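Here the structure of chain R is known, so what remains is to put chain B in place on it, guided by the hints.
For the protein sequence lines, the chains are R and B, in the order given. Using our numbering, read the first sequence as starting at 1 and increasing by one per residue. Using our numbering, read the second sequence as starting at 430 and increasing by one per residue.
Bear in mind the hints are in silico, worked out from the structure with no lab data behind them. The model shown is predicted, which means the values in this text are computed figures rather than measured ones. Watch out, some of these pointers could steer you wrong.
What the hints assert, rightly or not - Take a look, some chain R residues computed to stay more than 10 Å from chain B by CB distance:
1. D29
2. D235
3. P305
4. A314
5. Y337
6. P384
7. F394
8. D396
To be verified - Derived lysine-lysine pairs resembling DSS-like cross-links, with alpha carbons at most 30 Å apart:
9. R:K271 <-> B:K681
10. B:K681 <-> R:K59
11. B:K674 <-> R:K271
12. B:K674 <-> R:K59
13. B:K505 <-> R:K105
14. B:K505 <-> R:K168
15. R:K334 <-> R:K271
A virtual CB, placed ideally from N, CA and C, is assigned to each residue, including glycine.
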Amino acid sequence: MTYRIYLRGMLIVLALFAAGTRASSENYDYPIEDRYAATVVGTPAEYQAVLPKTIPFQKRWIKIFPERELPEVVWYGGRLLYSQALQKNSAPLIFLIAGTGASHKGAKNYDMARAFYQAGFHVVSLSSPTYPNFVTAASKTGVVGHAEKDAEDLYRVMEMIWATLDDKIDVSSFNLTGYSLGGFNAGYVAKLDEERGVFNFARVLMINPPVSLYNSISLLDRMIENIPGGVDNFDRFVDDLMVGVAEIYKESADDLGEDFLLKASETLDLKNEELAALIGTSFRISSASLVFTSDVMADFGYIKPRGLPLDRHADLTIYAEVANRLGFTDYYHKFFYPYYRDEYPDQDRDEFISSISLRKITDYLQGSSKIQVLHNEDDIILEPGEIDFFRETFGDRATIYPRGGHCGNINHRDNVAAMVAAFTEGVTR
Amino acid sequence: MGRSFILTFLTTLVLLAGFSSSTQAQPQAQQDQYPEAVFTPGRLFPPDYVTPTDVYDPWQPMNTRIYNFNYHFDQKVFLPVIRGYEAVLPQFARTGVHNFFNNFRDAVTMFNSVLQVSPTKFFQSTGRVLTNSTIGVFGLFDVATIMEIPRPEEDFGQTLGYWGVPQGPYLVIPFLGPSNLRDGVGLVPDLYVQSFVQGEALERTLRKVVFLFNAVDTRNETAFRYYENGSAFEYEMVRYMWSTKRDLDILK
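The shape of chain R in the complex, shown without the other chains (with noise of 0.2 Å):
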């Protein structure tokens, strides 16, 4: 009870904060100057949010297409994972999408989830739909980073994961976040919530968006130019990447953990050029999956000969080279829109790709009151003046920080409490 009681308090605290800074963004104390250092580096542990260090946080899966026979190189992915975290009492609930190629328990989305468990949400976590699980098991073609077809198949398992938790919980609204490409899903995702109206999102939040999706992964492909040398030496680098690290690693007692390659690029102290090219670079690893198990699973003959089957103990390495070598900007231009062309014969490419795009749904962003965005000024997808499509369609929904880059600041205490205000402020509960 006095739980409770406590939580509400912080709750008020933490709108109030919101509301503060909001209005005033100069008092922003996010330290990094560097739109790219920012995004690798994050925010840094004394100007971070406090969280429950642990929350029940359950993996779970499901499976969403149970006839589903899949390719046997990925045997391994026809139940879609997740993981959630539920309140004990009636509560709201929250869906969380995750960025490109990153999963339900990331630690962006892990992070999200602890401050809306802390804020007494139930919170449901999810994977892009570019995560090759979800690829495997959930999305419809295979072939994803289509904003209406995403949506569709995110809303399909959000109404399935709904299913297994209708009788287990009370829940007082629904409501709906992402970062990265994530929050341009949760975008698409809410419009088509409008025409299904399954679960009548109360709010949605959009962390970090791209707005033509085209033109941030240009922007991210061109990083990968950063690599001395150029992308011919995308192997040397990340080589030499590793054989750096290791000069730190003599001193240090750390393992080769998670958080190791971070930590390693914050000692190694890397120029702009090299911070750029380190988010090209692990960014194209992601990629290089994705693309790799739409392939897979479309059998289109990209980096696979078509027809060639694969067994599970198949040797992948040259698809792997291969695909390290090769944009995502690759992928749509050779696989992606030949894939679709047909469907959409009154496009043509340019055409098609540049509709994948938050202003193909402005008019419907402008006029719903329930949409919110989190953005930097300085956010590394986005092109010069781009970010002015957020201030223009939101206005006030709007909150743009001057600094952060791409989700650096997303732990910043002021954005965790601008985030979890976008959900209770003016709620009544």
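What follows is chain B alone, placed relative to chain R:
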């Protein structure tokens, strides 16, 4: 368990290695029957290109099969046991178990520090073993870490590496996971040292229990879960990460 286990282990290894060499070179021949993909290595790489991230893996057909076996063993045996272990033993008890085994692992480091002629690591690990075995009550409490005695980790694979022995072919070991020929061979003296120390310290029946708990503790301390890391190239990724880690371990 000591000697007979090691013998069985080695024999299995040699047999598996021999068996595997006959099952290669098939996929290449097959590929020609299918239309060329949009992007091929020939289109992207110069003819004599060698990828720096490549790991020498001539036993790939055998390795992927053992990798697969390990996955199933993990799902059917290891992880259920771990879940039970976590449900039955509270955190402080699990930490006690972990400390207990680390004490024996420190003894392995002592042994290898001598072979690597490293007095610093030798005194650190010896200091740890002495402190934890006495004040730490048979190693159950990690007093040495509280006293800020560093914990180097050296195994016989690293000792061989220290003296210039290369990793050799990549090797996935049944139950244990990624390794290489050098480190696989290195397991034998390490296991011998560990079982010798345990033999001195523990009575016969207890040693069997200890062997099982050691396995459970090791799995419990390993965060890795098969096919949950979002890579379509998990085997290749683990292979690269592991062999890089082992190179770095030797520099350390």
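A quick look at each hint next to the structure:
no.: 1; hint: D29; verdict: holds (33 Å)
no.: 2; hint: D235; verdict: violated (5 Å)
no.: 3; hint: P305; verdict: violated (4 Å)
no.: 4; hint: A314; verdict: violated (7 Å)
no.: 5; hint: Y337; verdict: holds (12 Å)
no.: 6; hint: P384; verdict: holds (31 Å)
no.: 7; hint: F394; verdict: holds (31 Å)
no.: 8; hint: D396; verdict: holds (37 Å)
no.: 9; hint: R:K271 <-> B:K681; verdict: holds (26 Å)
no.: 10; hint: B:K681 <-> R:K59; verdict: violated (36 Å)
no.: 11; hint: B:K674 <-> R:K271; verdict: holds (25 Å)
no.: 12; hint: B:K674 <-> R:K59; verdict: holds (29 Å)
no.: 13; hint: B:K505 <-> R:K105; verdict: holds (23 Å)
no.: 14; hint: B:K505 <-> R:K168; verdict: holds (28 Å)
no.: 15; hint: R:K334 <-> R:K271; verdict: violated (33 Å)
Going down the numbered hints, you'll see the structure goes against 2, 3, 4, 10 and 15, while the others check out.
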